[in-house]
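**Q** Chain residues, written in single-letter form:
Number of protein chains: 2
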Amino acid sequence: MITIVSTGPGLIECMSGEAIEAVKNCDVVVGYKKYVTLLEPLLDSQELFVNGMKKEVDRCRKALELSKEGKKVAMVSGGDAGIYGIGGIMQEIVLEEGPETEIYSIPGISASHAAAAALGAPIVHDSCYISLSDLLTDIEMIKKRLDLAGQGDFIVSLYNPKSKGRPHYIEMARDILLRHKKSRYPPCWDCQKCKARQPRSVYN
Amino acid sequence: MITIVSTGPGLIECMSGEAIEAVKNCDVVVGYKKYVTLLEPLLDSQELFVNGMKKEVDRCRKALELSKEGKKVAMVSGGDAGIYGIGGIMQEIVLEEGPETEIYSIPGISASHAAAAALGAPIVHDSCYISLSDLLTDIEMIKKRLDLAGQGDFIVSLYNPKSKGRPHYIEMARDILLRHKKSRYPPCWDCQKCKARQPRSVYN
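The listed protein sequences correspond, in order, to chains R and B. When we follow this note's numbering, the leftmost residue of the first sequence carries the number 1, and every step to the right adds one. When we follow this note's numbering, the leftmost residue of the second sequence carries the number 205, and every step to the right adds one.
One chain only, chain R, in its complex shape (with noise of 0.2 angstroms):
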């Protein structure tokens, strides 16, 4: 049994009591390190399993691995595990690896929620989630994406917004929804996952 738990913006108080639950009551928690060290106070004698980024497969193998040897996995990702998080990728390898495996997945707070409700600026109309991650959507998609939000006055969401390798997607970004939008709509940066309620935002 793999129980895939959504940790949420990054404080024990954002989980729901149906994560913590999963966390504590599993025999093994495999994780991302940064989402195992959040539920530091909810571990007494579960295993561990943890490794770094870009090990998701090798994570969601152990996982299934552990899981077949009779153990209760609660793997974790940060936010909503469906939102770019360990969801797909799970459920990918399950169907692949061990189609017989039972797989319950405990939704949570994704960054786009967490950040809108510290920075008091609802939602509220519709919107789109955009990760501007070239890893696995090809660039020109990205781009398109982006310009259609636009077109349609979606209210925007960017996951993803920058790393060391394409550190200015996040203007490229900007410049195309600036097409559409006009200045006064004010692009929010996100919170530091809610950590600190003390978001900084931007207005261009």
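Don't read these hints as lab results, they were simulated from the structure. This structure is a prediction, so every number in the text was calculated from the model and none was measured. It cannot be assumed that every hint is accurate.
[Stated by the list, open to error] Simulated pairs of lysine-lysine, BS3-like, Cα-Cα distance not exceeding 27 angstroms: (1) B/258 to B/348; (2) R/143 to B/348; (3) B/258 to B/366; (4) R/144 to B/385; (5) R/181 to B/347; (6) B/238 to B/259; (7) R/68 to R/55; (8) R/34 to R/72; (9) B/348 to R/181; (10) B/347 to R/143; (11) B/259 to R/144; (12) R/144 to R/181; (13) R/144 to B/348.
Once you've looked at the hints, dock chain B against the given chain R.
**A** For chain B alone, coordinates are given in the frame of chain R:
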């Protein structure tokens, strides 16, 4: 002080610890009847102000009035209060009628994420939220957004899918999306706010 409390998809165990504490520790709970009923296990000596649909403005004015009397008010909203919830109206009314009032927003799990988890169908890639309610958005704009979402191959979460006055908008939405999406994409009905964890899904 007004705390906007997002109560998530309809189960106490899907609420965050922060949301539960806010309800337990307030003087007055203000909300739509259905959402307040969910909170019964958390209610003790709190006053209640409860009303029905389309009474959102009255509800927000009452919350502001109670806050001005010095009470700690929990304004509750299903899902995430910023996603088609009470968050936007509450902020507007405070801005217009009591800008000195302190507001704190607690995010929650929106129906889209809860439904995806219950269905075992994580959203995974770029996605949109579109409401089919034409009370505040012109129907032509709704159609345009559906078409743009289809063009961009976004995963689409439809909110307010139907009502007595507009029973066929859901079919309209499907037809617009199917201009672009192939039939291998299974549209899935909302899972009754995740209550049963027995969602229905429909393949068209």
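**Q** Determine for every hint whether it applies to the structure shown.
**A** Hints and how they fare:
{"no.": "1", "hint": "B/258 to B/348", "in the structure": "26 angstroms, holds"}
{"no.": "2", "hint": "R/143 to B/348", "in the structure": "19 angstroms, holds"}
{"no.": "3", "hint": "B/258 to B/366", "in the structure": "16 angstroms, holds"}
{"no.": "4", "hint": "R/144 to B/385", "in the structure": "16 angstroms, holds"}
{"no.": "5", "hint": "R/181 to B/347", "in the structure": "19 angstroms, holds"}
{"no.": "6", "hint": "B/238 to B/259", "in the structure": "13 angstroms, holds"}
{"no.": "7", "hint": "R/68 to R/55", "in the structure": "20 angstroms, holds"}
{"no.": "8", "hint": "R/34 to R/72", "in the structure": "21 angstroms, holds"}
{"no.": "9", "hint": "B/348 to R/181", "in the structure": "16 angstroms, holds"}
{"no.": "10", "hint": "B/347 to R/143", "in the structure": "22 angstroms, holds"}
{"no.": "11", "hint": "B/259 to R/144", "in the structure": "40 angstroms, violated"}
{"no.": "12", "hint": "R/144 to R/181", "in the structure": "15 angstroms, holds"}
{"no.": "13", "hint": "R/144 to B/348", "in the structure": "16 angstroms, holds"}
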